[in-house]
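A.B. asks: Listed here are the chains, written in short residue letters.
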Amino acid sequence: MPIKRIGLLLISVIFLSGCWDKLEVEKRAYVVGIGLDKGEDGMIKVTFMIPNPEFASQAQGGASNVPPKEIITMEANDLISIKNKANIIVAKTITYDQLQFIAVSEELAADREFIRFIYDATKDVEIRRDVNLFITKEETAEYFRKTNPKLELRVHKYFDLIIDHVQRTGFIPSNSELLQFFRVTEAGSDLFLGIYSTSEKKENFDWQDKNKIIAGELTYEGATGKTQFAGGAVFKNGKMIGKVTGDEVRVANLVNNTVTTADDVLASYPDPFDKNQQLAVKINKLHKNKIKMNLKAEKPLIDVTVPIVVEILSDHSMTNYSLKKNRVILEKKVKESIEKEFMDFAKKTQTEFKAQPFGWSLAARKKFKTLKEYQDYNFQEKYPDMEVRIHIDMKITDFGRQKNIPHIKGVSK
Amino acid sequence: MFHRQDKKNNSKDKDLKNNKIPSSLNDTTAYIKELYHLPINKDVMIRDLFLGGSTKKAFLLFINTISDTKIIEDSLLQPLLQNKDPLKNIEDIVCVSSIEEICTIGEAVQETNKGNTILFIEGSTSAYSFSTAKFLGRNIDKAEDEVTLKGPKEAFTETVMTNVNLVRKKIKDENLIFEAATVSERANNTLFITYIKDLTNEETLQKVRDKLNQLNPATLQNLSILEEYMDENPHSIFPTILYTERPDRAAGYLNDGHIVILMENSPASLILPVTFWSFIHSPDDQYLRLVFGNFVRFLRAIAIFVTIFTSAAYVAVTNYHSSMIPPDLLMAIAATREKVPFPALVEILVMELAFELIREAGLRVPSPIGPTIGIVGALILGQSAVQANIVSPIVVIVVALSGLSSFVVGDISMNFAIRSTRIFFIVAAGMFGIYGMAVVFAAGMFYLVTLKSYGVPYLAPFTPKYSSSKNVMFRRLIQKEAYRPEHIKPKDLIKK
Amino acid sequence: METKQSIGLREFIALGIIMIGIKLTDDTPIIYFKKLANSAWMAPLLSAGMIAVLLYFLISTTEKFDNQNLVDLIFTLFGKYIGWIAILYLWAALFTALIIDTAIYTDLISTMYFPNTPMFAIYFLMMVICGFGAYKGIQAIGSTAWAIFLYITVALICALLITITHGQFDFLFPFLGNGTWPVIKESLKAITIYDELLYLGILSTMLPSKKDFKKGSWIIFGVVITEITLAMISFLMIFDYKSIQLLSYPWHEVIRYISLGFLQNVETLFFPFWLVGLIIRFGAYLYLIVYMFGRLFNIKEFQLLVPIFSILVVFLGVIPEQPTFTLPIIRSKLIMFTVIPTCSITVLLWVLAKFKTRGKKHAN
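Heads up: the sequence lines are chains A, B and C, in that order.
So for the first sequence, this note's numbering puts the first residue at 527; every next one is plus one.
So for the second sequence, this note's numbering puts the first residue at -11; every next one is plus one.
So for the third sequence, this note's numbering puts the first residue at 1412; every next one is plus one.
Only chain A is shown next, with the shape it has when bound in the complex (with noise of 0.2 Å):
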């Protein structure tokens, strides 16, 4: 019959019609992280970071001379056209849709220009917005350079589970993705907090207090990669106009709402028993913040109280906790110093930034029944003039594993 025939014919067309967007697995280069470095004439460099499928894939141990990964830096007009021109010395064709981090160097960060080069993210449609977004102090051309873990070789591995779990022990901002940037830079009315990287390490520095470290402010000693992640890089309408240390992003973290909770957060404070030593304590937050908040008087009033609950780990000063009298001075002086450290924080915050990190505005948006009214207020001016005050609700529950350590002479008071 003529119109079977006519009918295969046709559709054995539709075979050599070309399958536009296909394209074989080994044909892509999977770019795992961005950097982004200011260029000269209004121009970026952009760096790739793409990982070596033939090391990634090595069932031994790996003896031969396979290179991990290729860094390659170029300089461009934004993400996108990079994607065709890298294909100038880059084999395979270059894809974002494995692209787990966009590292930013400190100097684009605070460029009012670096707004424009961020947004293109947004046109992309490989880019997804749960891309980690994180602020190096160097150019991160060499900061991919010298991120060499010695443990981790497939490095996006290695990026993958350091942001995890150092967001867990709340010495870098959770959330520091693309969507919450967005969201945080179009609403106007917070700090977003990224996290702070860097792979210099400080020599000779003079530390003031060595607990409260940023990103290459970590004494260590030992053969292990260079690359430090501590603190936060403070962005303020798409900005970056500061920096916070690891225990300042802690403090965010437990008194932000809006972001996921850091749940294993070791902090050490003053012990109340000797001037000398530091208790050792894990911070839990179970429940959300309570946030009162009263806009409409003279000065506006914002009154946090903060759930948490507090685990004791050491006991440097030997101190007899199982008397009842020292765990009512324990809990007392642990709760002041907790608190003193929150409103330290959040008067830094009024007077440097400005502006809060901790996500307040949406708080404040409950007390408003239109956004015109709510816009009209403009919570950000009226932020520093307002009067601050962070509670501890503060519960001990555990000691450690064991709960009494000896009382010897010349050491315990």
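The reader is advised that the hints may include incorrect statements.
[Claimed, not checked] Here are the simulated distance ranges between beta carbons: (1) B:L389 / C:L1572: 24 to 34 Å; (2) A:R671 / C:G1672: 32 to 42 Å; (3) C:G1672 / B:S372: 30 to 40 Å; (4) C:F1708 / B:K440: 27 to 37 Å.
Hints were generated in silico from the structure; no laboratory data involved.
Here a beta-carbon is modelled for each residue, glycine too, at the ideal position from N, C-alpha and C.
Start from chain A and add chains B and C according to the hints.
C.D. replies: Chains B and C alone, transformed into the frame defined by chain A:
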């Protein structure tokens, strides 16, 4: 050794058959000798005798290879020869179980061909046919193709009477009817349409009878060929008539109101009208305990999905949607694929072809060499192909998985059907990724849902809603399965 | 091909829910978010009241007349000539809606999933398969809808659950968003949901029993309103009111963001379910269009018109340039042209039905 044979005219034979039996025995003998090409045909016997009691001449015509000579001797010859009463009727003399009176030569020939013995009497224009047939056949064996762990293991044999015996053993009901028909001129095979009179829908029965009446093929050897004739959708990929070799299944379907067809020379039965679900159910599901039966059903559902979609999903995801694969796996795939010269689509198709070849060869290979070929096949395809960088190891796993899971579906036609749809999905995935797969899936669903066999929609009772015992994907407690499937329109909906 | 098709109640409900519910996966929510910011989720809820009234009118009209589907009713109650014009108008509205919707979705697929494929190829393939479905009849489409209904629902519930747990409830405040008056105005636009229910009235005679259309329509209405409201709440809970006004397709952005355990990027898992839902929706539209056309011009075997209409849709759909911007504008302008006639036709039908049956009662 063999005599030279003269060319004969066949149309003369046809006219001969329509003649009435002549009263003269010599004429009859002449006709018979001509029709049966005696004396060349060595097993056709003519036994002349004088009827005891009277002096009439008679002869017995039978084919000794297909009739029971013991019965002929004991029950026919002996009483006939030793009869003293000349007035007794033949029916009263002879001791066989069934006697039929026939009038034409054609009928006599037909009866003799079936193994019966014909008695021609001098002066009589009618002859008697006695049933003495004894065809040899296989004993009742275990079911080889449809294996169950629990439950009866008998299977149908090629002798249709044995099959009828097996079915009657399971349903001892006076309403169980076996309608007989003879199909095809040369083969003269007996065909039984079986049903339970007060359950089966009359219209469906009539449709089946009409379809059978329209058949006029030259030779219809067995049921498998009849299946194609009876099928309302012979071009379709999906089977609409169930072919089973287990009498317990046939009895189960009879009880639900279906129609079963049995035929000589076929160790199986056809069940119609059936739906898609009959093909993916196995009798084991009913015989195992509720939880385990449902677990096996669940496993089968997963196996069907794996068979149809795995290879295609591999092609679609690696070519079009590589973002979905976790980075470690992606690196592994990319690394192994770098050494392979073919695109993923071609790789998968080549491996599928190889797997089908192994499967088909495994069926036909004679048992002494069987295991060797198996090892060689596995070695060649598995190890060496991967090491020679012709295929990547992931593809071997994907194809093997999808091929093996296809065997979870027991019925052979459905097995083929599912494997064929796999190819459509793979090609569609290669051309359009998941979009192509979704389109083919929708097209397949549209097609399946409108497929009908003898008035029964293919996916009933799942889609066009009919009341039934809800034995679609998972089964319930047998006590709760109280209804017969409404979509085949039985006369009595409640199982009693 | 049977001319009298039938469809079961389950299939009808599944078809209705999929057809209308898919609206939440394109840029329909954005229309509300742009004007209403974070009170956009109230729009479907408020319009639910009005839709319920209209639905009640429609159902009571169909109940009064046996064996008359929507087209028959219009012919009976409006008379031959005005009825013809009314059906022509409805037909034109549905046809335009099909063209614009398919163009929007094709653009969506092209942007989000297949950037290098020409739009024509995607469009063509979509219309071929929808045409095949429409050719096989509404029974095929309904049964397919029921067959995959379970999986689509499970996928949707998973996505919504994950989104809501990842999201912040506080984003919904301030409650009234841009004010109460805009909410009421926009909720009037949400009556487009009722449009689809009206067209489903054409299938009312194919259901097994008289009560089924009433039961089915109310269930579809309830489920769809809940679905759309929940979806809009969940979108808002992940993206804040400002971000969401900038997005093009919130559903697709959401499924790109969420992750299921070790699987980071799961949008490919939701993609096939969504696609089959689309095919069902457009297949049903095509069938209704071809049916109405057949009734208008007395064509018995209207299935044969399907290929012509499919191709026509493709060619008309590729006409707009810059589809991302022009199509939503066209659609929002056309809403007024479709909503007002549909509502008035329903009300008029109800009024006339009341008159006619009152007349009958008096005659008795």
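A.B. asks: Given the hint of 24 to 34 Å, check if L389 of chain B and L1572 of chain C actually sit that far apart at their C-beta atoms.
C.D. replies: holds (31 Å)
A.B. asks: Okay, F1708 of chain C versus K440 of chain B on CB: inside 27 to 37 Å?
C.D. replies: holds (30 Å)
A.B. asks: Does the beta carbon distance between G1672 of chain C and S372 of chain B stay inside 30 to 40 Å, or does it fall outside?
C.D. replies: holds (37 Å)
A.B. asks: Range hint 32 to 42 Å: satisfied by the CB atoms of R671 of chain A and G1672 of chain C?
C.D. replies: Holds, at about 33 Å.
In this structure, none of the earlier numbered hints is contradicted; all agree with it.
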